Amino acid sequence: MNHEVEILLVEDNPNDAELALRALRKNNLANNVFRVCDGEEALDFIFARGQFKDRNKLIIPRLILLDLKLPKINGLEVLKIIKTDPVTKLIPVVVLTSSKEESDLIESYRLGANSYIVKPVDFDKFIDSVRDIGMYWLLLNQQPDIKKLIK
Amino acid sequence: MLVAVFVIMAFFIVTIGVLSYKGFKKEFRKDVENNLNAILNLKVAEIVQWRKERIADGSAFMANQSFSDLVNRFIASPLNPDLPDRLGKWLKQMRSAYAYECISLLDTRGNKLISEPLQLTPVTSHLINDINIVGQTQKVTILDFHRDGHDGPIRLEVLVPVQSPEDPDKIIAVMVFVINPEVYLYPLIKIWPTSSRTAETLILRREGDSVLFLNELKFQKNAALNLRFSINNATLPASKAALGNEGIFTGIDYRGVPVISSLRTIPDSPWFMVALVDIKEVFAPLNTKWWTMFIVVVLLILSFASIMFSLWRRQRIRYFNEKYEIEREKAKTDKDLEESEHKFRETVKYLDEGYYSVSIDGYLLDHNQAFNRILGFDIGQDLKGAQLPDFWQNPDERKVYLDELIARGFIRNYLINAKTISGEKIVVLANSHLVKDEQGKLVRIEGTYNDFTERKQAEEEIIKLNAELEDRIAKRTNQLEAANKELEAFAYSVSHDLRAPLRAVDGFSKFVLEDYENKLDSEGKRLLNLIRSNTQKMDQLITDLLALSRVTRCELNVSGIDMTQMAISMFKEIAQDVPDKIRLKVDPLPEAYADPTYIRQVWANLIANAIKFSSKEKKPSIKIHGHTENGFNNYYINDNGVGFNPEYTHKLFGVFQRLHKTDDFEGTGVGLAIIQRIIHRHGGKVWAEGKEGKGATFWFSLPIKK
Numbered sequence: 002m003n004h005e006v007e008i009l010l011v012e013d014n015p016n017d018a019e020l021a022l023r024a025l026r027k028n029n030l031a032n033n034v035f036r037v038c039d040g041e042e043a044l045d046f047i048f049a050r051g052q053f054k055d056r057n058k059l060i061i062p063r064l065i066l067l068d069l070k071l072p073k074i075n076g077l078e079v080l081k082i083i084k085t086d087p088v089t090k091l092i093p094v095v096v097l098t099s100s101k102e103e104s105d106l107i108e109s110y111r112l113g114a115n116s117y118i119v120k121p122v123d124f125d126k127f128i129d130s131v132r133d134i135g136m137y138w139l140l141l142n143q144q145p146d147i148k149k150l151i152k
Numbered sequence: 023m024l025v026a027v028f029v030i031m032a033f034f035i036v037t038i039g040v041l042s043y044k045g046f047k048k049e050f051r052k053d054v055e056n057n058l059n060a061i062l063n064l065k066v067a068e069i070v071q072w073r074k075e076r077i078a079d080g081s082a083f084m085a086n087q088s089f090s091d092l093v094n095r096f097i098a099s100p101l102n103p104d105l106p107d108r109l110g111k112w113l114k115q116m117r118s119a120y121a122y123e124c125i126s127l128l129d130t131r132g133n134k135l136i137s138e139p140l141q142l143t144p145v146t147s148h149l150i151n152d153i154n155i156v157g158q159t160q161k162v163t164i165l166d167f168h169r170d171g172h173d174g175p176i177r178l179e180v181l182v183p184v185q186s187p188e189d190p191d192k193i194i195a196v197m198v199f200v201i202n203p204e205v206y207l208y209p210l211i212k213i214w215p216t217s218s219r220t221a222e223t224l225i226l227r228r229e230g231d232s233v234l235f236l237n238e239l240k241f242q243k244n245a246a247l248n249l250r251f252s253i254n255n256a257t258l259p260a261s262k263a264a265l266g267n268e269g270i271f272t273g274i275d276y277r278g279v280p281v282i283s284s285l286r287t288i289p290d291s292p293w294f295m296v297a298l299v300d301i302k303e304v305f306a307p308l309n310t311k312w313w314t315m316f317i318v319v320v321l322l323i324l325s326f327a328s329i330m331f332s333l334w335r336r337q338r339i340r341y342f343n344e345k346y347e348i349e350r351e352k353a354k355t356d357k358d359l360e361e362s363e364h365k366f367r368e369t370v371k372y373l374d375e376g377y378y379s380v381s382i383d384g385y386l387l388d389h390n391q392a393f394n395r396i397l398g399f400d401i402g403q404d405l406k407g408a409q410l411p412d413f414w415q416n417p418d419e420r421k422v423y424l425d426e427l428i429a430r431g432f433i434r435n436y437l438i439n440a441k442t443i444s445g446e447k448i449v450v451l452a453n454s455h456l457v458k459d460e461q462g463k464l465v466r467i468e469g470t471y472n473d474f475t476e477r478k479q480a481e482e483e484i485i486k487l488n489a490e491l492e493d494r495i496a497k498r499t500n501q502l503e504a505a506n507k508e509l510e511a512f513a514y515s516v517s518h519d520l521r522a523p524l525r526a527v528d529g530f531s532k533f534v535l536e537d538y539e540n541k542l543d544s545e546g547k548r549l550l551n552l553i554r555s556n557t558q559k560m561d562q563l564i565t566d567l568l569a570l571s572r573v574t575r576c577e578l579n580v581s582g583i584d585m586t587q588m589a590i591s592m593f594k595e596i597a598q599d600v601p602d603k604i605r606l607k608v609d610p611l612p613e614a615y616a617d618p619t620y621i622r623q624v625w626a627n628l629i630a631n632a633i634k635f636s637s638k639e640k641k642p643s644i645k646i647h648g649h650t651e652n653g654f655n656n657y658y659i660n661d662n663g664v665g666f667n668p669e670y671t672h673k674l675f676g677v678f679q680r681l682h683k684t685d686d687f688e689g690t691g692v693g694l695a696i697i698q699r700i701i702h703r704h705g706g707k708v709w710a711e712g713k714e715g716k717g718a719t720f721w722f723s724l725p726i727k728k
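Protein sequence lines, in the order shown, are assigned to chains A and B.
Numbers given in the numbering used here equal positions in the first sequence, counted from 1, plus 1.
Numbers given in the numbering used here equal positions in the second sequence, counted from 1, plus 22.
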C-alpha cells in the first residue's frame with residue numbers, strides 16, 4: 002500500500018462510498034482513491050499509525066473528502082486534528098456531507114475546512130459535484146509540495 | 023349713582039331743550055322783524071311815491087304856459103263868460119283824473135276865483151297865510167294834515183303858484199288841490215298784507231315836544247290829529263320814530279300794550295311811520311313752541327326717570343335676592359354640616375374597618391361596630407374605658423409602635439400582632455394619627471384598623487405558591503431545553519441520516535439504469551425513473567421540514583431592513599429561471615425591523631409562490647405593496663394567478679397543506695407554514711385573500727420598531 006494516494010475518502014456508509022467512488026470513477030478520478038470507514042481509521046491513515054503504521058509516511062493524500070457523521074471519532078474532530086497538525090493542515094479537506102445544518106457548516110469552516118459540499122440526493126447532481134471537486138482541487142488548484150516539507 | 027346719572031341726564035335734556043328753543047326763538051323773531059320792516063318799507067315807498075306824484079301834478083300846472091295865459095286873461099277880464107268855462111274844464115279834468123276832493127283857483131290875496139266843484143264857502147283863513155308863503159317861495163307846497171275849521175274833515179292840500187306869462191317871477195294866482203286822505207292815503211296806511219288782529223301802521227308828525235298821530239287807529243277812536251304823546255316817552259315807538267330813530271324797536275304802544283315795531287322817517291316830508299304788532303300775538307306761535315318743547319323735555323325726563331326707577335328697582339330686587347340667597351345658603355350650610363356629621367357618624371358606625379379613639383394611657387374613648395367584631399366582642403357592646411394594650415400580643419411591640427407614632431404624628435399600614443378577647447392571635451393593619459388640642463397638647467390617638475390575619479395568611483400562601491411556581495417553571499424550562507436539544511439532535515439526524523438512504527435509492531436506481539440499460543424494457547426504465555423522482559420529492563420534504571424546525575429553534579437577530587430593496591432583489595433572484603414576461607410592480611415599502619435572514623426567506627417563499635401560481639397566465643403580473651397601520655407594517659404580494667377557494671383559507675398555512683394538485687403545481691406544502699412561523703416569531707400576523715381563478719393576495723404584518 003505504498004502507491005500514491007491522491008484522494009482519501011472518509012465515509013462510513015458503504016452506499017454513499019459506492020456512490021462516491023462511482024462518481025469519481027465517472028470523472029476519471031478513481032485511480033488513486035483510498036477509502037476509510039470511520040474517524041479513527043482516517044486519522045490512523047493520515048498519521049500512519051495503528052493498522053496503517055507500516056504505511057509510508059511520506060505518502061500524503063492530495064485531498065481529503067470528509068463525511069461529518071462518522072462512528073468513533075466524528076468528522077469535525079477529525080477535521081480539528083488534521084488542521085491543528087502543522088503538516089497535515091496543509092492538506093485540503095473538502096467536507097462532503099448530507100447535513101445542510103448551518104452549525105455544521107460554520108463549525109467546519111472554523112476548524113479550517115477548505116470546502117463544504119452537501120451531497121445531493123439526486124445522483125446526477127452528485128456526479129457533477131464530485132467532478133467539480135476533483136477538477137478544482139486536483140487539477141486547477143496549486144498546492145505546496147508537502148513531501149518536501151516533511152523531509 | 024343712579025340719581026347722579028339721572029340729574030346729569032335731566033340737565034342735559036333741559037339744556038338741549040332750552041338751546042333749541044332759544045335758537046328757534048331767535049329765528050322766529052328775525053322773521054317777525056323782517057316782516058315788519060318789509061311791510062313798513064313798502065308803505066313808506068308808496069307814500070314817498072304818492073307825494074312825488076302830488077308835487078308833479080302841481081308842477082305841471084305851474085309851468086303850463088297856456089294855463090297861465092288863461093288865468094292871466096281871466097284875472098284881467100273876470101267878466102268874460104268864456105274864460106271861466108275854459109278854466110272850469112281844466113280843473114274838472116284834473117280833478118277827475120287824480121281824485122282830488124276839490125280844485126280851486128285863488129288870487130294872490132286869497133279870493134276864490136273859481137273852484138271845481140263849485141264851492142261857495144269862503145277860503146279858510148289859514149290858506150291866506152300859506153298862499154303868501156307860496157307866492158314868495160314860488161314852489162309847489164303840500165299842506166300837511168289839518169282840519170278845515172274846528173270840527174271839519176281832515177284834509178291835505180297842494181298849493182301851486184301860477185306864474186305870470188309875462189314875468190315868471192310874478193305870481194298871479196294859486197291853485198289849491200284839496201286831498202281827502204280817506205280816499206287813498208288812509209287805506210294805504212291801514213292795509214296790512216297778513217291777517218293780524220293787532221298789527222297796524224301809524225303815521226306821525228312831530229309838533230314841538232310832542233308827537234301827533236295823523237291817522238285813525240284800530241283801538242282808539244278819534245285819534246287822528248288828536249292823540250299826542252311826549253316825544254320823550256322812552257317806551258313809546260311813536261316817540262322814538264319822531265326822534266328820527268329807525269329800525270326795530272320793542273316798546274309799549276299807545277294802549278299800554280307791549281309791541282314790537284319798525285320805525286321809519288319818510289323822506290322829504292314831516293312824517294314818520296311806525297308798523298307795530300302786539301308781542302303777545304306775534305309771539306303766540308313761539309308760546310306754543312315753548313310749551314311743546316317744555317312738554318317734550320318733561321316727557322323725556324319723565325321717561326328717563328321711569329327707566330332709572332325700573333333699573334333701581336331691579337337692582338334693589340337683585341340685592342335682596344342675593345341677600346336672601348346668602349341667608350338660604352347659610353341655612354343650608356348649617357343643615358348640610360349637621361347632615362354631614364350625621365352621615366360621618368353613620369359611616370363610621372358601619373365601616374368595615376375598626377375605628378378607635380384612645381387616650382394616651384390606653385383607655386378606649388370611642389369605637390365602632392367593626393372594632394368589636396374584629397376583637398371578638400358583640401357588636402353592640404360598649405367598650406369605652408377598656409384598656410387597649412390588653413389586646414397586644416407583645417407589649418414591647420406597642421412601645422415601638424407608640425414611639426414611631428409620636429415621632430411622626432401618624433402611622434400608615436402598620437402591622438400589629440394582636441389577640442381577640444378569647445385570646446385568638448390575629449394580625450391587624452393599623453392607620454393611626456395623633457389628635458392635639460388647640461395648645462398643641464396631645465389628647466388622644468385616633469385611627470382605623472383591619473383584620474389582616476387572613477390576608478397575611480393569603481400572602482404567605484401566595485409567596486409559597488410563587489416559589490412552587492418558580493420551581494415548576496424551572497423544571498419545565500429544563501424539560502423544554504432538553505426537548506429542544508432533542509429536537510435539534512433529531513433534526514440533525516434527519517438532515518444527515520434520512521438523506522443517506524434516499525441518496526442510495528436514487529444512486530442505485532441510476533446504477534441500474536446505466537448498468538442494465540440493455541436488459542431493461544421501457545416500463546422498467548420508467549419505474550426506475552419514478553423511484554428517482556420520488557426520492558427527489560422526499561429530499562425536498564426533508565429540506566422544508568428542517569427549515570420549518572429551524573425557524574422555531576433559532577434565535578432572531580433583529581435589524582432594520584430595506585424591504586423594497588429586499589423584495590426586488592429576491593424577485594430577481596427567483597425569477598432568473600422564469601421568462602421575463604412577468605410584470606412586477608413594487609410600491610415603496612415601509613422599513614421593517616426583523617431578522618433579515620428569515621424575512622428574506624418569507625419574501626422568497628411568497629415570490630416563488632406568486633410566480634408559480636401565476637405561471638399559467640398569459641400575462642402574469644405581481645404586485646408588492648406595503649403600508650403602516652395601527653402600529654404594524656402591513657405588506658402584501660398579489661398575483662393574478664389561479665388563486666384559491668376562500669373556503670380553505672384556514673388550511674393555507676398548515677404544514678403539508680396543499681390546495682392544488684401536485685400535477686398542476688409542484689410543492690411540499692411547507693412554504694406558507696414556514697412563513698407563518700417566521701412572522702409569528704416576530705410578533706406579526708399572516709393572512710390571505712383569494713378566489714379561484716382570480717389571483718391571490720398574501721399579507722403579512724410586522725410590528726413597527728419598538
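Simulated from the structure, these hints should not be mistaken for laboratory data.
It should be emphasised that the depicted structure is a prediction, and the values quoted were computed from it without experimental measurement.
Glycine included, each C-beta is placed from N, C-alpha and C at the ideal position.
Be aware that a few hints might be false.
List time: in silico SDA-like cross-link candidates among lysine to any residue, alpha-carbon distance up to 25 Å [unchecked claim]:
| id | chain 1 | residue 1 | chain 2 | residue 2 |
| --- | --- | --- | --- | --- |
| 1 | A | 73 | B | 574 |
| 2 | A | 81 | B | 507 |
| 3 | B | 507 | A | 78 |
| 4 | A | 126 | A | 115 |
| 5 | A | 27 | B | 537 |
| 6 | A | 101 | B | 630 |
| 7 | B | 114 | B | 157 |
| 8 | A | 73 | B | 514 |
| 9 | B | 507 | A | 75 |
| 10 | A | 101 | B | 448 |
| 11 | B | 559 | A | 102 |
| 12 | B | 507 | A | 102 |
| 13 | B | 507 | A | 147 |
| 14 | A | 27 | B | 630 |
| 15 | A | 126 | B | 533 |
| 16 | B | 74 | B | 137 |
| 17 | B | 478 | B | 503 |
| 18 | A | 101 | B | 74 |
| 19 | A | 81 | A | 28 |
| 20 | A | 101 | B | 564 |
| 21 | A | 126 | A | 22 |
| 22 | A | 101 | B | 503 |
| 23 | A | 126 | B | 538 |
| 24 | A | 101 | B | 574 |
| 25 | B | 161 | B | 98 |
| 26 | B | 547 | A | 19 |
What follows is a list of derived Cβ distance ranges for each label pair [stated by the list, open to error]:
| id | chain 1 | residue 1 | chain 2 | residue 2 | range |
| --- | --- | --- | --- | --- | --- |
| 27 | A | 111 | B | 484 | 26 to 32 Å |
| 28 | B | 484 | A | 103 | 25 to 31 Å |
| 29 | A | 148 | B | 502 | 17 to 23 Å |
| 30 | B | 505 | A | 103 | 17 to 23 Å |
| 31 | A | 103 | B | 499 | 51 to 57 Å |
| 32 | A | 32 | B | 511 | 38 to 44 Å |
| 33 | B | 651 | A | 111 | 43 to 49 Å |
Pair hint residue 101 of chain A and residue 564 of chain B, alpha-carbon separation not exceeding 25 Å: Given pair residue 101 of chain A, residue 564 of chain B holds - Cα atoms ~11 Å apart, limit 25 Å.
Straight-line alpha-carbon gap residue 73 of chain A to residue 574 of chain B, limit 25 Å: Measuring from Cα to Cα gives roughly 31 Å; hence the hint is violated.
Pairwise hint evaluation, residue 533 of chain B against residue 126 of chain A, where the allowed Cα distance is 25 Å at most: holds (14 Å)
25 Å limit on alpha-carbon distance, applied to hinted pair residue 27 of chain A and residue 630 of chain B: violated (35 Å)
Given pair status - residue 75 of chain A, residue 507 of chain B, alpha carbons within 25 Å: holds (19 Å)
Proposed proximity, residue 507 of chain B with residue 81 of chain A (alpha carbon, max 25 Å): Distance ~24 Å between residue 81 of chain A and residue 507 of chain B Cα, so the pair holds.
Proposed proximity, residue 630 of chain B with residue 101 of chain A (alpha carbon, max 25 Å): Roughly 21 Å between the alpha carbons, so the hint for residue 101 of chain A and residue 630 of chain B holds.
Satisfaction of the hinted span 51 to 57 Å by the C-beta atoms belonging to residue 103 of chain A and residue 499 of chain B: Once the Cβ atoms are compared, 25 Å apart, the range 51 to 57 Å for residue 499 of chain B and residue 103 of chain A is violated.
25 Å Cα cutoff - pair residue 559 of chain B, residue 102 of chain A: holds (19 Å)
Proposed proximity, residue 538 of chain B with residue 126 of chain A (alpha carbon, max 25 Å): Cα-Cα ~21 Å, so holds.
Given hint residue 503 of chain B paired with residue 478 of chain B - CA-CA distance at most 25 Å: violated (37 Å)
Range agreement (Cβ of residue 103 of chain A with Cβ of residue 505 of chain B, hint 17 to 23 Å): holds (21 Å)
When held up to the earlier numbered hints, the structure conflicts with 1, 10, 13, 14, 17, 18, 19, 27, 28, 29, 31 and fits the remainder.
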